[in-house]
Amino acid sequence: MKRKLSALVLSAVISFPAYAVTDPLESPLWDYLREKFIGNDKYVFDDRIKVELPSFAEDPTQVPMTIDASALSGDIERIVSWADLNPIQHILTYYPHPEIVPRVSLRIKVQQSTAVRAAVLTKDGVWHVGGSYLEAAGGGCSTPSMANADPYWESHLGEMKSRLFPREEGGRYKFKVIHPMDTGLVDAIPEFYIEKIAVRDAEGEQLAHMELSPPVSENPVISFDVRDATKKHSVWLRDNGGNEFEQEL
Amino acid sequence: MISKKTLVASLLFIAGPVLAAPFSYDLKPQKITDNTWVLQGKLEDFSNKNGGNIVNTGFVVTEEGVVVIDTGPSLKYGKEMRKVIESVTDKPIKYVFNTHHHPDHFLGNQAFKDLEILSLPKTQQQIKSDGNDFAENMYSLVGDWMRSTEVFLPTKTLDIDHLDLGSHRFKFSAFTGHTGSDLVIYDEKTGVLFASDIVFYQRALTTPHTPGLGVWIDEINQLKNYKYKYLVPGHGPVTMDDRPLEQMTSYLKWLDKTLTESAKAGLSMTEVIKLPISAEFDSIKLTKLEFIKTVAHLYPKYEDLYF
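Chains as they are written, first to last, in the numbering used here: chain A, 1 to 249; chain B, 1 to 307.
Isolated chain A (complex conformation) (with noise of 0.2 Å):
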């Protein structure tokens, strides 16, 4: 039902300018953080952008979610994805390259209900939107992180596990980094999180790379995919306190 109403939506941007479609999510907040996020530039919403999530959150501090613009693939200058109900809209910009898929896994905190949406810019100028909704008890992002009452994180900050996953089509590389990612609204506790990733390759050259926010869960596990699982990759990271971490993939 809603998937035809989203194809109804789509055949009416291809006629109609795109200021003409409405929100499918049917979000307050569309229009203040459209402009925010992607300025005025020409949009459309595309369900060929996807934004997987549960359709409810267990755990409002990690909530799983794949932002999937494969569809695009080749097309894309960048991907910014937020959640319009939370306290920090902005979860992540992420810039890719041609030797890594346009899809990223990882979990991210959410206050109380929303829409999450990934707006993807084609080479084009164009924007295309998708997203899905999630529902949600509340309280990720002002609940304390764990770090807060163990200090375990002090003494391993920054460490990072990875693997290479062998996939049908080129490897798999996942990544846990131990982080408190604090956001900052909870008392006394400064925001401290992982503002930039990138992956690099053999010869420290930047591929792809990845601006975060704090709603990006504590201890990110990150996962995304490589077309030819043969090169060496490492992954950098640099947070908001200047510390800096690399490691080989």
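No incorrect hints appear here.
As a list, the in silico EDC-like pairs of lysine to aspartate or glutamate whose alpha-carbon atoms are at most 16 Å apart: (1) K301/B with D59/A; (2) K293/B with D59/A; (3) K176/A with D304/B; (4) K293/B with E58/A.
These aren't lab readings, by the way, just hints derived from the structure by calculation.
Chain A is already provided as a structure; the job is to place chain B on it using the hints.
For chain B alone, kept in the frame of chain A given last:
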């Protein structure tokens, strides 16, 4: 034999549809054997419609008084349960047990606050630390059924392994598979095993506080050693055989295998959530819903093993 009472009840039932539905749990005691009753909850998730009555509670009437096993999801349930007990016996209630710290098993405690309420020591601590959050969550899930319900802690912790009351001997075992502290009560006289939420039958098990599926599987095996005649699961129908234990074992093993293989293949959580539930479990209610929750609870631990 149809008693006058049931006849009146069925007449009322026939007239029922034209009346407004009464705001009541309408608890129906099911006599499973001598002196032993079970109030079976629905095979559902918490909702405004069922008022949280998705749980099995029970009571045993001995010569020296009544033993109550779990108090239900709300003050209202507790009160209605107490009325049901009074309708069955004139004997006073002697002991009330909370088998574990999940809200549908202890939030009826207020209705029994004049009595001794017992739990395992860890269960009492868990209710102390998580109880208010659970209660708050229940208010948002089931609404007005919860009115005036507050956390009332077990008054005493259990430090004995059996209790003789009248001609009944109740044996206590401390299990951990479901919440880290799960009380299983076996009535030697009648052969009734109150397995608490160590056993779910025909309703998918829940995992928010399990110490691990392996621990739970081991404990199901231990239950097979009891020579019970009747098995009362925490959720689902009472049986006289070990089908519930077989179902628990295969479902727990399937969960463990699915999460292990997913982690080994590097699947993301969103991919795992989309995996189909084995057709073998088609008869079990709510498998899809509970699987999504289980992935959230347990998959990170499985992932950690395969980095």
